[in-house]
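Engineer: Top line first, the protein sequences correspond to chains A and B. Residue numbers for the first sequence follow the UniProt record's numbering, beginning at 1 and rising by one. Residue numbers for the second sequence follow the UniProt record's numbering, beginning at 1 and rising by one.
Derived from the structure by calculation, the hints contain no laboratory data. Just so you know, not all the hints are guaranteed correct.
The calculated DSSO-like cross-link candidates involving lysine-lysine, where the alpha carbons are at most 27 angstroms apart (straight line), are [what the hints assert, rightly or not]:
{"#": "1", "chain 1": "A", "residue 1": "K334", "chain 2": "B", "residue 2": "K148"}
{"#": "2", "chain 1": "B", "residue 1": "K271", "chain 2": "A", "residue 2": "K334"}
{"#": "3", "chain 1": "B", "residue 1": "K87", "chain 2": "B", "residue 2": "K297"}
{"#": "4", "chain 1": "A", "residue 1": "K83", "chain 2": "B", "residue 2": "K271"}
{"#": "5", "chain 1": "B", "residue 1": "K84", "chain 2": "A", "residue 2": "K346"}
{"#": "6", "chain 1": "B", "residue 1": "K121", "chain 2": "B", "residue 2": "K132"}
{"#": "7", "chain 1": "A", "residue 1": "K83", "chain 2": "B", "residue 2": "K276"}
{"#": "8", "chain 1": "A", "residue 1": "K352", "chain 2": "B", "residue 2": "K132"}
{"#": "9", "chain 1": "B", "residue 1": "K84", "chain 2": "A", "residue 2": "K83"}
{"#": "10", "chain 1": "B", "residue 1": "K121", "chain 2": "A", "residue 2": "K346"}
{"#": "11", "chain 1": "B", "residue 1": "K121", "chain 2": "A", "residue 2": "K334"}
{"#": "12", "chain 1": "B", "residue 1": "K389", "chain 2": "A", "residue 2": "K83"}
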Amino acid sequence: MSMLPSKMMRSTPALSRNIWPLSKSNAYSTEATFETKPYKLHRLESGPSTTVTCNKEDALHMYRQMQAIRRLETSASNLYKEKAIRGFCHLYSGQEACAVGMRKAMSNVDSIITAYRAHGWTYLMGVPVFGVLAELLGRKGGCARGKGGSMHMYAPNFYGGNGIVGAQVPLGAGLGFAHKYKGDGGVNISLYGDGAANQGQLFEAYNMAKLWNLPCIFVCENNGYGMGTSAERASANVNYYTRGDYVPGIWVDGMDVLAVREATRFAKQLCVDGQGPVLMETATYRYSGHSMSDPGTSYRTREEIQEVRQSRDPITSFKDKIINAGLTTAEELKNIDNEIRVEVDKATKDAKADGEISLEELAADIYATNLDGPVRGLVSGDTFKHINIGAQVNAK
Amino acid sequence: MACRIYRKHVRSAVQFFGTTSPTLRCFTAIRMKNALDVPLLLRQSWVDSVSCSRGFQTTSSVDGTHRVNMPSLSPTMTEGTIVKWMKKEGDAITAGDVLCEIQTDKAVVFMEHDDDGILAKILVPENTADVKVGTLIALTVDEGEDWKSVEVPADAEQTPAGPKSTESTSAASTSAAPPSGSHGSDRLIGPAVKNYRRKYGLESSQVSPTGPHGTVMKGDVLKHALANKIEPVAIGSSPPAPSSAAVTKASKPKSQTGAASYVDVEISNMKRTTAKRLFQSKSTIPHAYGTAQCNMKTLLNFRRSLFNGGIKVSINDLLIKCICNALSHCPAIHCLWYGSKHQGKVDISVAVATPNGLITPIVTNVGKRDVISISKAVRVLAERAGDGKLQPHEVIGGNFSISNAGMFGVRCFSAMPIPPQCAILAVGSTSIELGEDKRTKFVVNVKFSYDARAIMDDEAVKFLQILQNQIENVNEISMGSLDIESLIEWMEKAAAK
Numbered sequence: 001m002s003m004l005p006s007k008m009m010r011s012t013p014a015l016s017r018n019i020w021p022l023s024k025s026n027a028y029s030t031e032a033t034f035e036t037k038p039y040k041l042h043r044l045e046s047g048p049s050t051t052v053t054c055n056k057e058d059a060l061h062m063y064r065q066m067q068a069i070r071r072l073e074t075s076a077s078n079l080y081k082e083k084a085i086r087g088f089c090h091l092y093s094g095q096e097a098c099a100v101g102m103r104k105a106m107s108n109v110d111s112i113i114t115a116y117r118a119h120g121w122t123y124l125m126g127v128p129v130f131g132v133l134a135e136l137l138g139r140k141g142g143c144a145r146g147k148g149g150s151m152h153m154y155a156p157n158f159y160g161g162n163g164i165v166g167a168q169v170p171l172g173a174g175l176g177f178a179h180k181y182k183g184d185g186g187v188n189i190s191l192y193g194d195g196a197a198n199q200g201q202l203f204e205a206y207n208m209a210k211l212w213n214l215p216c217i218f219v220c221e222n223n224g225y226g227m228g229t230s231a232e233r234a235s236a237n238v239n240y241y242t243r244g245d246y247v248p249g250i251w252v253d254g255m256d257v258l259a260v261r262e263a264t265r266f267a268k269q270l271c272v273d274g275q276g277p278v279l280m281e282t283a284t285y286r287y288s289g290h291s292m293s294d295p296g297t298s299y300r301t302r303e304e305i306q307e308v309r310q311s312r313d314p315i316t317s318f319k320d321k322i323i324n325a326g327l328t329t330a331e332e333l334k335n336i337d338n339e340i341r342v343e344v345d346k347a348t349k350d351a352k353a354d355g356e357i358s359l360e361e362l363a364a365d366i367y368a369t370n371l372d373g374p375v376r377g378l379v380s381g382d383t384f385k386h387i388n389i390g391a392q393v394n395a396k
Numbered sequence: 001m002a003c004r005i006y007r008k009h010v011r012s013a014v015q016f017f018g019t020t021s022p023t024l025r026c027f028t029a030i031r032m033k034n035a036l037d038v039p040l041l042l043r044q045s046w047v048d049s050v051s052c053s054r055g056f057q058t059t060s061s062v063d064g065t066h067r068v069n070m071p072s073l074s075p076t077m078t079e080g081t082i083v084k085w086m087k088k089e090g091d092a093i094t095a096g097d098v099l100c101e102i103q104t105d106k107a108v109v110f111m112e113h114d115d116d117g118i119l120a121k122i123l124v125p126e127n128t129a130d131v132k133v134g135t136l137i138a139l140t141v142d143e144g145e146d147w148k149s150v151e152v153p154a155d156a157e158q159t160p161a162g163p164k165s166t167e168s169t170s171a172a173s174t175s176a177a178p179p180s181g182s183h184g185s186d187r188l189i190g191p192a193v194k195n196y197r198r199k200y201g202l203e204s205s206q207v208s209p210t211g212p213h214g215t216v217m218k219g220d221v222l223k224h225a226l227a228n229k230i231e232p233v234a235i236g237s238s239p240p241a242p243s244s245a246a247v248t249k250a251s252k253p254k255s256q257t258g259a260a261s262y263v264d265v266e267i268s269n270m271k272r273t274t275a276k277r278l279f280q281s282k283s284t285i286p287h288a289y290g291t292a293q294c295n296m297k298t299l300l301n302f303r304r305s306l307f308n309g310g311i312k313v314s315i316n317d318l319l320i321k322c323i324c325n326a327l328s329h330c331p332a333i334h335c336l337w338y339g340s341k342h343q344g345k346v347d348i349s350v351a352v353a354t355p356n357g358l359i360t361p362i363v364t365n366v367g368k369r370d371v372i373s374i375s376k377a378v379r380v381l382a383e384r385a386g387d388g389k390l391q392p393h394e395v396i397g398g399n400f401s402i403s404n405a406g407m408f409g410v411r412c413f414s415a416m417p418i419p420p421q422c423a424i425l426a427v428g429s430t431s432i433e434l435g436e437d438k439r440t441k442f443v444v445n446v447k448f449s450y451d452a453r454a455i456m457d458d459e460a461v462k463f464l465q466i467l468q469n470q471i472e473n474v475n476e477i478s479m480g481s482l483d484i485e486s487l488i489e490w491m492e493k494a495a496a497k
């Protein structure tokens, strides 16, 4: 609801009389307006609107999604500390608003590709909590039948967690090219961190994307630290939204889900209008270490983390915002919290009880259509039969 | 005085860099031997651990009560010691707060809590040793709940509630099942009871208790003695009927009255890890040795010249640099062995004795440092080791170790390589000998122990030869291009003198 109609409401009593009872019947307002932090722009004359509106349904949905990711990651962290999850595990806690805000702005043809911090995105792209946790635990109920683990999860339109730092961005440019080629009106979002932002291949991807005006949004999720090095110590230019040079860029507060949603909408519109690609930097923070083997306190202080948790937390701040705006009540959100807790607890229990795949699956699902006969093993002469078991994701 | 702290697997390093796929497929794991054969092994044990750990859940919410289990805070941790609780029962916790300090097999680390709530009950007190990963250690409740009325789950009793039950008691507790009849732990028994018990040579298990929680009271002991007509025994004589002297559940370090006057000494986690690691070294590595005698005259002169310039470096610091120089000529030596050989830049572990045991903090990238920087690094690390404040990354890694007992007057000794490292150098004291030219000679014995699988004898010989050469020809250049500022400072001071 823009400002104009509400002014009109007040100025014309007849009209307002017609409208008031409608909104009153809900006891709470159904839509509210919020101010975001100003965006920073690069090579753009105008940016996304700093006044954003949000209705109750969307607010609760986004709150639920952020809370689910937080709880999912907490559960993953605990399972790791129980030694039930082994190997790689990168948590998303603290960065929830980035994913949820972007997801909200995406249509069902848009595609997304990210790096190894992929649990939250997998959930947002339709895999239930159980599917994510079972994958982490290496169980057959996992979204990649337990064969992928933390960094290799996929879902429709979600081209996965990718293990190689930065390598997902050229792939994302390719996905953008596919959208343009097919003319399906879709946009690709490629995510990378402030550490990967210094990878050379990103600049190659920017170049090609701009050369062909691909519908790509390159998003740098700047959580302040590339592994164990702060952005300031690793990058000559920490204004990541300007680093596409000839590619327009937007800086957005990555702890504000509404700002991220608004900025993504804006960037998407540019791409749809044929003015892509666009760079977006979301300023965010991660609470845990780079991965589970990093305590996360040898290059920053515990006080710094606690300060962010208390003053900038994406969930708490959004919660305060929507309660103050009268969109919801603390009790309603508490109920959501409890529902999610129960859901994640159950998923954790089920995932732990789930079985592993059999040895026959060793060479299963390598190809959507296998044209090559048996799969070569490690030892010369070893062969395995290729079979198809799991659902084919993004195969078309 | 060898150094013996476990080095982190290559696995962890790879994990940290997050660039290699952790795919759990066996064939990939075998293919990528260096990085992933370890996870394959771990995976085996993981299957075991999961099957036996099923049933505990970290965040199970029963009426807003949440369980906090002992976490695994290092890849190799199986048990840990709770050093300190940073929160009290009843304290509010916000996500990210530190609940307690836990000593893992490598270092003391903070355990963070990921959720808001109130710490309702601490089930494992401070200084409890060897709490297995997965043991329930505390309970939390949601904000606003009554934390005082929290119910302790039944399985919590399995946790070692008594403080300091050490491994050494396990042999005793398995040798004889405790007799029927419940009796409280020795902890609750008062001094008078203990006195009478000792006087009559009784174990608390022989006496039927009447006190609260099955505690043995003074009257119980006296009644038992009277009923069975037991005479007081003189202190120092053996206790009666060893067969009936059943072993109590929590046998504490006790001053025995009997012939076997051994006292159980508590072993720190660090010492236990050291023991494990050394056993692995001695039992799985084919050791080979080589000794070289080096003339220390030049090195001591160089050290004195630095000292005159106001720069204090130890002989050990100079030797570290010499070793590094020698290693740069013999890259075959500083390697790691995981069934095959792996090499990297020179990171030297230096053995440091601390009250908790020996630990080997690492001087990283020695090749890039000059001797002053090495000296500073060693001093800082040794200080932190003494305070028990070393971070995991400061003790994990390293591909060559040095152990120096020279300052204690030990002339020559041998040390054991710490797997997966393949080599360690044991440095003895400097002694004065008469040289062939009838002049005094300062001589030091260095003994080189190595893993004969990874290092061939000819490589070891070459290394010793070059090392000897390095030590005997120490100079400003070989000790690293001393950084300009300290060089100027040094020259100015030297000129002033």
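Engineer: None of the hints should be skipped; say for each whether it holds.
Structural biologist: How the hints compare with the structure:
no., hint, verdict
1, A:K334 x B:K148, "23 angstroms, holds"
2, B:K271 x A:K334, "48 angstroms, violated"
3, B:K87 x B:K297, "57 angstroms, violated"
4, A:K83 x B:K271, "24 angstroms, holds"
5, B:K84 x A:K346, "32 angstroms, violated"
6, B:K121 x B:K132, "19 angstroms, holds"
7, A:K83 x B:K276, "21 angstroms, holds"
8, A:K352 x B:K132, "20 angstroms, holds"
9, B:K84 x A:K83, "23 angstroms, holds"
10, B:K121 x A:K346, "24 angstroms, holds"
11, B:K121 x A:K334, "24 angstroms, holds"
12, B:K389 x A:K83, "25 angstroms, holds"
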